[in-house]
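Fit chain B to the known structure of chain A by using the hints.
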Amino acid sequence: MPKFEPSLFTANRLADGVVVYLAKGHAWVEDIAGALVATTPEALGALEAEAKRAVAARRVVAAYAVEVTLDAESGTPQVRSMRERIRAAHRTTLAYHRAREAAGPARALPASDYDAVPAERAA
Amino acid sequence: MYVYDEFDRGFLADRTAEFRGQVARRLDGALSEDEFRPLRLMNGLYLQLHAYMLRVAIPYGVLSSRQLRTLAAIARDYDRDFGHWTTRQNIQFNWIRLVDAPDILDRLASVDMHALQTSGNCIRNVTADPFAGVAHDEIDDPRVWAEAIRQWSTAHPEFSFLPRKFKIAISGGLEDRAAVAFHDIGLRIVAGPGGRRGFRVLVGGGQGRTPVIATEIKPFLEERHLVSYLEAILRVYNLYGRRDNIYKARIKILVSEIGIERFRDEVEAEWQNTLAEGIDLPDAEIARIRRAFRAVALKPRRDGEAVVVERRLTDPDFARWLKWNVAPHRVPGHAIVTVAFKEPGRPPGDATSAEMETVADLAQRYGHDEVRVTYQQNLVLPYVARADLPALYDDLREAGLAAGNTDLVTDIIACPGLDYCNLANARSIPVAEAITARFAEPGRAEAIGPLRLNISGCINACGHHHAGHIGILGVDKKGTEHYQITIGGSAAEDAAVGTILGPSFTAEDVPDAVERLVDAYLGLRHDGESFLATTRRVGAEPFKEALYGHR
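Going line by line, the protein sequences match chains A and B.
Using my numbering, the first residue of the first sequence is number 205, and each one after it goes up by one.
Using my numbering, the first residue of the second sequence is number 18, and each one after it goes up by one.
Just chain A, same shape as in the assembly (with noise of 0.2 angstroms):
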C-alpha cells in the first residue's frame, strides 16, 4: 500500500472564484498556512466530507485534495507542484512586472522565485 501523504483542500470560493483552502470551524481561508493538514486516510476523509458540504451548501466549486510537504521546522504545509504554488501565492502576472521594474533589469526566474515574492491579496 502506498505511503499516505499529508494532505490539504482547497477550491474556488463560489462568489468570486478566488483559490482558498479548508480550514479550522468550517472556514475556507486564502492563506495556504492556515489550511489544515489531514495525515491520516482518515482525517483526508472527514475534511473530504466537509468539503463536499460547502459544495453543497454553495460556499465553493471545483474542491479538490492537495498533497503537502510539512515545513520541519514550523509544521506548515508547503504544496509541491508549479500550480498549486502560483494559486497559493495569488499571484498577479501584473505584480510580477512591478516586482521586476523594482528589482531592475529582468533575468530568467529561477522556479523558487515563486516563494520569494510575497503574495498578493485581493483588494
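These are computed hints drawn from the structure, not numbers from a lab.
Watch out, some of these pointers could steer you wrong.
What the hints assert, rightly or not - From chain A, some residues computed to sit far from chain B (all C-beta separations above 10 angstroms): (1) K207; (2) E209; (3) P210; (4) D220; (5) A227; (6) L240; (7) V259; (8) A266; (9) A269; (10) D275; (11) R284.
Said to hold, decoys possible - In silico DMTMM-like pairs for lysine to aspartate or glutamate, Cα to Cα no more than 25 angstroms straight-line: (12) A:K256 / A:E209; (13) B:K495 / A:E209; (14) B:K495 / A:E246.
Ideal placement from N, C-alpha and C gives every residue a C-beta, glycine not left out.
Frame of chain A; chain B shown alone:
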C-alpha cells in the same frame, strides 16, 4: 464602424438579463455547478486557476475609443486594473467575481459589446486583418464580411452545439495578416473572373495537439454566396464531426479522415440545399453593412514628410519605431501605427487600465477614434496622419508603449500559461519576459530582423507556437516545467507548422537556447535573408547542432 441597431441592443439586453437570473439561481442553489457551467461558458465566463476569467469579444478586433475606455473601466472597477489581449483579438479579465459578472455584461452592453460565443462549441468571434479598410494591398474590406458572419452565426440555433469550437478568420489583402490557414475556415478575399470579387475558401486548419494547415476547398466563391456556403460547410461538419472523442472532434480531423474530395462533394451537395433555401444575405443588406464601414474620409497629405524625416535623422529610437511599427496606408500622407504592448520585460499582451485609456485618448486625438486589436496582442491605430507621427510617438513613449519592435524577436505572442490557465502545463509569461530581457537592446533585435517567437503553455497552442518562426511549447516533465523548441513555423501566406528540434529545456535554459538558435542563424544567413527563409534554405540540422551539439 458597425453600430448596433435596436434588434442587436434588444437581443443583448435580453441575454444579459437572462444571465443575471442564471447567476442568481446559482447563488441561491436552484442551479448546481454542473447545470450552471455551460450557461456561464455561453457568456464567456470561465473558472480558471485563481478566479473567474471573463473573455470579452472584440468582433474582428475593432474598437472605438469609447469601447476601449469601457474595457479600462471594467479592469479598474472589477478586476486588478489590467486585462490581457488574447491571441484571437479579444480581451480577458483574470480576476472577475461571479457576483459582478452581470453588472459587467451590462456595462459592456452599454457600448454594444458582450462576451457571447467566446467559449463553447459554437462559432467563435470571427477574426480579421487588423489593417482592414486601410491596408495598401487590400482587395476588399474583410470587416464587411466578418460582420455578416457575426450576424449569421450569433445564436445560430443549428450551430450552438457543434462537435467542437469553430473558428473563422478572414483576410482581405494580398498579405495574410489573419493567419487564415490555421483556422477551421479561412477566407482570403480574391479577385475573380470578370472583375468579380469573392473568396478563396480554406477548411480544416488549426493548431492544438494536431496542427494542420487548412486545405483549399473552393478556389473562388462569389461573395454573395458566402453565408450559404459557410452554412453548408457547418452542416456537413455538424453531421459528420465526431462527438465521441474531444481530441478528434475538430473539423480538421473530419477533413483528414474522409479526405478533402469527399468533404468537398458533401459540401457542394448541401450547398444546393442552402442556396435553394435562400439564406444568403440580400444585396441591400450587404450594402447596408458596407455603408457602416465606409472609409474615414482622408485626404492625401504631403505636409507630414518633412517633420518625419527630420525626426528620423536625429532620433534613432523614433527611426526604429517608424521602421517597424508604422505601416503604409492606402491614402498617401497617412499611416497605420502598431502600438506595442511588448516593451522587453513586460508580460506580453497585458494592458493596464491607464494604458488602455492612453490609447483611447490617442485614438481620439490622432486616429479618428478607432483602435484595432491584433492576434499578436498589440493594438493598431489605423488612421494616423504622417504629420502627427512624431507627436504620437512622444505620447506613446511617455506611456511606455513606444517599443519599436513589431515582428522582431521581442514581439512575442504568449498565452496566459500556468500563471492563469487551468489547462496549462507550464508558465509562458515569465519565459517570454526572460527572452525579451535577453534581447532587450533594441539595436540587437533590429539587427536580427523579423523573427516571430511564439510561446504556448500547453499543447492546446493558444500561444500559436506551431506557427512561430521559433516556437516554444511548455510541457510537464515529471512535475517540472520544460520547454520544447520548434523552428520554421509560419502563419502567413507561406503557412507552415514548425519542426521540433529535440529534447526539451528547463525554463532557465530557454533564453540561452533561443540565443544559440539566433547566433546560428546570424552565422548562416545570406544578405537580407530572414530567420524563416534561412531555416527553409538550410533545414533543421544546423539548428539542432546549435542546440545539442553533435549527437
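Evaluated hints:
With a minimum CB-CB distance of about 17 angstroms to chain B, K207 (chain A) clears the 10 angstroms threshold, and the non-interface call stands. With a minimum CB-CB distance of about 14 angstroms to chain B, E209 (chain A) clears the 10 angstroms threshold, and the non-interface call stands. For P210 (chain A), the non-interface assignment is confirmed: its Cβ lies about 17 angstroms from the closest Cβ of chain B, beyond the 10 angstroms cut-off. The claim that D220 (chain A) is not at the interface with chain B is violated, since a C-beta of that chain comes within 10 angstroms of its own (minimum 4 angstroms).
Residue-level check passed: A227 (chain A) sits 19 angstroms from the nearest beta carbon of chain B, beyond 10 angstroms. The non-interface label for L240 (chain A) is consistent with chain B: the shortest C-beta to C-beta separation is roughly 21 angstroms, beyond 10 angstroms. The claim that V259 (chain A) lies off the interface is violated: its Cβ sits roughly 8 angstroms from the closest Cβ of chain B, which falls inside the 10 angstroms cut-off. Listed as a non-interface residue, A266 (chain A) fails to keep its Cβ farther than 10 angstroms from every Cβ of chain B; the least gap is roughly 6 angstroms.
No beta-carbon of chain B is positioned within 10 angstroms of the beta-carbon of A269 (chain A); the least distance is around 17 angstroms. Listed as a non-interface residue, D275 (chain A) keeps its Cβ farther than 10 angstroms from every Cβ of chain B; the least gap is roughly 19 angstroms. The Cβ of R284 (chain A) does not lie farther than 10 angstroms from every Cβ of chain B; its closest approach is about 7 angstroms, which violates its non-interface assignment. In summary, the hint linking K256 (chain A) to E209 (chain A) is supported, as the alpha carbons are separated by about 21 angstroms, within the 25 angstroms threshold.
Taking the CA atoms of K495 (chain B) and E209 (chain A), the gap is about 18 angstroms. The hint holds against a cut of 25 angstroms. Proximity of K495 (chain B) to E246 (chain A) is assessed by CA-CA distance (about 29 angstroms); at most 25 angstroms being required, the pair is judged violated.
The structure shown violates the earlier hints numbered 4, 7, 8, 11, 14.
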